[in-house]
Amino acid sequence: MPQPLGSKDASLFRQVVRHYENKQHKKGIKTADQILRKNPKHGDTLAMKALIISNLGQQEEAFAMAKEALRYDMKSHICWHVYGLLYRAEKNYEEAIKAYRFALRIEPESQPIQRDLALLQMQMRDYQGYIQSRTTMLQARPAFRQNWTALAIAHHLAGDLEEAEKVLTTYEETLKSTPPVSDMEHSEATLYKISIMAEAGKLEKALEQLDIVGHRITDVLAVMEMKADYLLRLDRKAEAEAAYTALLDRNPENSMYYDALIRAKGIPDSDHKVLKALYDSWVEKNPRGDAPRRIPLDFLEGEDFKQAADAYLQRMLKKGVPSLFANIKSLYTNTWKRDTVQELVEGYVSVPQTNGSAEGEANGDNKEFLSSSHYFLAQHYNYHLSRNLTKAMEHVDKAIELSPKAVEYQMTKARIWKHYGNLEKAAEEMEKARQLDEKDRYINSKAAKYQLRNNNNDKALENMSKFTRNETVGGAMGDLHEMQCVWYLTEDGEAYLRQKKLGLALKRFHGIYNIFDTWQEDQFDFHSFSLRKGMVRAYVDMVRWEDRLRQHPFYSRAALSAIRAYLLLHDQPDLAHGPLPNGVDGDADSAERKKALKKAKKEQERLEKIEADKRAARKAASTKGGDEVKKEDPDPFGNKLVQTQEPLNEATKFLTPLLELSPKSIEAQNLGFEVYLRRGKYALALKCLSAAHAIDASNPTLHIQLLRFRKALNSLSEPLPPQVAEVVNAEFETLLPKAQNLDEWNESFLSTHKDSALHTQAALTCRQLLKADSKAQCEKDLTATLDSQVESIETALAGLQLLDEWNSDQTAKAAYAEKAKSKWPESSVFQLN
Amino acid sequence: MSDSIPSAHSDPDAAEKHHPANAEDRKAAAALSSLNTNEIGADSGAKPPSSADQEALGKAMSRLEIVAGQDAGMKPTGPRKEAEVVRKKAVKVASEDISLLVEQLDLTKAKATELLKSNDGDAKLAIKAFITPIGA
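Read top to bottom, the protein sequences are chains A and B.
Take the first sequence: its letters are residues 1178 to 2010, numbered as in this note's numbering.
Take the second sequence: its letters are residues 1198 to 1333, numbered as in this note's numbering.
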């Protein structure tokens, strides 16, 4: 029931609302209390008070109060609106939508409620609901163009291109005169309509429109690009050629324009002469350009390639362009081109300095040419397709000798050490590079990254703190979170994961997860902002990008690591108390184990205490200064995260978006299997197996997992529900038939892939699973893979980890590590910890 | 769930009768409308159209409604709608099948129901369809 107030209180209520608007929260609460003293059951006032309290950060109390308000006055749209706003603040959008709908039912004409509902529907991608809301809003205020555009967007995103176009056209027809050129909203809406036509496949019509209105549109480049694109797709080649030539005149560095121009001209890919001539003509027009010089290297062959490459390399090396190698290395998939480049640059450095290629030029230039050539070769021999670390080191030393101050030369030296497998030395060398230019943020970040690779988290943070705002709550680490420095959080988390400090590792991965949540959340404001500004094309692009936000490699990487951490935690719950010294986490006797556990717990407590002291000190220091105290993280070490009772459910939280948005990642499927198998979700585990099989049927991890799944099915503790059992058995039959002799199956896998180390490792794991007594032999065979098959340090390390998984004894591990160490004498990674 | 909530989009004529009960409410509503002015989401910055004639707009509105109304009346447009009609062919779904799918496939209840319905209510078919990789 509506609860009328006396006129004095009613004016007080208006004051409350005004105070809220002006963010005078304390005054607002005071005034509200004044009303409530006389009318303790006044729902609207109580609701407003709840809203103010929630803005002060006391969510729980606010909710309790809003519920009470609703109890007093179920029929008040204000109460329902506030209830919705509170849910919105909590990001519980579904409940918020429900509350708004109730409010709207009571007050169907309320613009603000309708608007808030529409924004939420968009955020939740409830397109049908959004269309409805937008139609209502348009009916209420048809005079605003943005209401029309918004309805068009609603139809467009819901997939109804016809309707979207119709809405925009209907509005355009009401315009009596053409809006001035300065009307950005008109310009953008027109382009938007044309792009919808093109999306619907009506290219002719879109092109026609472009020709009529194009000259009045502000975004000239977009008009040109759209026109060129439509012409080419309509096969109107002569016009398309002209359009792309015009585009290249604007920007001769865009390789996509060249590709399109070549298609418009109808030049076949094989006609290298004509192609080269085309690019040469652009070089002539733009002598300082790079693209028309670089692109021909992609298609040229034989002597032509050699000549072009020679000219290109010499030109860039003389200028001393540091990014040259990054620009060239994509050619290396062609081995002949790789060797030719090597031969050419080796030639440059072997020419005696006095009569070098740059005749008559000053000696200084020649020196620069020589040092950048050595630098190029260092990168060349450091690259995985052309690796020869000894030579790389020689060249980089020569380059450094010639110009000892060059940061990037020193940086490459560190990278070479990394590839030697000596992370400690690599971090050291990178630190030297950093000291060459302490003001350079890039090299500072690099140095921090190398320290993290060397598991030196504290040192890395110290470096990072040179460029962060350290007065932020949480210090440098707090600022890195606030600035959403995802790469650092990922590397930091992975370093902790390697050290089995799972709490901190999970803390970082959750940090990244939250950053992605923030990005999802960030779009909210744009649902109205973009409309108001009229930038609708960019807005639609953004909405579509948000829909596949977690496809980003940053997310995949963090999620994979988080899942690994949770699996580790599930398999070894003791790790919740920090890393245990090695040899203990195996099947060592229990007394020793308990002792180690106790020690780990003590260490954990000690660290917590230090942090608590620090926090207290900070608080004492800052009591005077800031009145707006930001919340401290109550769990800076992730101890709460690591003490979860359900690590697998937590892992699933990371896994679901990963499988949904990156189903083609075999790593994701592999880990998905591990999670689902442990959770006893056999159908889902099989789904991962099938998906992995479709991506790469001979994947080594998949091979092991197939066997483990067969074994798991054979020894279920309780039978699966009949429908599940039937489907799973039938489907799995195609992957690994039940009647198959597993030994034979495994041995045939081994002999098919006997040259690949990773596959051999997988087959040996399986053999060991099939016949426990073959373990000793398997260990020997695994060590023997170091003789020939294993080519990279990473694979060798994987072998060492395998011995861990097999629970092999120290002697077997030591034998393996020693052999690996003798194969890579410079490395530091083969240590038994 | 949402069935108890009537459509937010009610007939504008009917809405006329639902005026706010008293002046206070109206004022509060007006004040509430600016609740979010601190965000960039507010409408306040928009300026009324310069060259659009109110009358023309009114006509355009009615045209749009007529067209939309005709469309809806003549043909249930769009493949989505048709698909919905097909699915709604009263597939009977057993509740124990739904809970089986929720349990075994980590689905929400709504999704499990949908999956079952699109597989003729057959749990086995549904599971099979769900675990077959796309494009395989």
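Hints are supplied without guarantee of correctness; some may be wrong.
Unchecked claim - In silico SDA-like cross-links for lysine to any residue, where the CA-CA straight-line distance does not exceed 25 Å:
#: 1; chain 1: A; residue 1: K1268; chain 2: A; residue 2: V1720
#: 2; chain 1: B; residue 1: K1289; chain 2: A; residue 2: Q1309
#: 3; chain 1: B; residue 1: K1308; chain 2: A; residue 2: T1312
#: 4; chain 1: B; residue 1: K1306; chain 2: A; residue 2: T1312
#: 5; chain 1: B; residue 1: K1325; chain 2: A; residue 2: Y1270
#: 6; chain 1: B; residue 1: K1314; chain 2: A; residue 2: A1902
#: 7; chain 1: B; residue 1: K1321; chain 2: A; residue 2: N1906
#: 8; chain 1: B; residue 1: K1321; chain 2: A; residue 2: Y1270
#: 9; chain 1: B; residue 1: K1308; chain 2: A; residue 2: T1833
#: 10; chain 1: B; residue 1: K1256; chain 2: A; residue 2: L1825
#: 11; chain 1: B; residue 1: K1321; chain 2: A; residue 2: T1833
#: 12; chain 1: B; residue 1: K1256; chain 2: A; residue 2: Y1270
#: 13; chain 1: B; residue 1: K1308; chain 2: A; residue 2: G1378
By construction, these hints were calculated from the structure, which means they are not laboratory data.
In this text, all values refer to a predicted model and were calculated from it rather than measured experimentally.
Structure-based check of all given hints:
Between the alpha carbons of A/K1268 and A/V1720 the distance comes to roughly 18 Å, so the proposed pair stays at or under 25 Å and holds. Pair hint B/K1289 plus A/Q1309 does not hold up; C-alpha atoms about 30 Å apart against a cutoff of 25 Å. Between B/K1308 and A/T1312 the CA atoms are separated by roughly 29 Å; this puts the pair beyond 25 Å, and the hint is violated. Annotation: proposed proximity of B/K1306 to A/T1312 is violated, straight-line Cα distance about 31 Å (limit 25 Å).
Distance restraint check for B/K1325 and A/Y1270: the Cα-Cα separation of roughly 33 Å exceeds the 25 Å cut-off, and the hinted pair is therefore not satisfied. Simply put, B/K1314 and A/A1902 have alpha-carbon atoms about 21 Å apart, close enough for the 25 Å limit, and the pair holds. This hinted pair checks out: B/K1321 and A/N1906 have alpha carbons roughly 12 Å apart, not beyond 25 Å. Of the supplied pair hints, the one linking B/K1321 and A/Y1270 is violated, its CA atoms being roughly 34 Å apart against a limit of 25 Å.
Among the hinted pairs, B/K1308 with A/T1833 is consistent with the structure: their alpha-carbon atoms are about 15 Å apart, no more than 25 Å. Of the supplied pair hints, the one linking B/K1256 and A/L1825 is violated, its CA atoms being roughly 60 Å apart against a limit of 25 Å. Of the supplied pair hints, the one linking B/K1321 and A/T1833 holds, its CA atoms being roughly 23 Å apart against a limit of 25 Å. For the hint pairing B/K1256 with A/Y1270, the CA-to-CA distance comes to about 36 Å; that exceeds 25 Å, so the pair is violated.
For a cut-off of 25 Å, the pair hint linking B/K1308 to A/G1378 is broken: about 33 Å separates their Cα positions.
Checked against the numbered hints given earlier, this structure breaks hints 2, 3, 4, 5, 8, 10, 12, 13; the rest are met.
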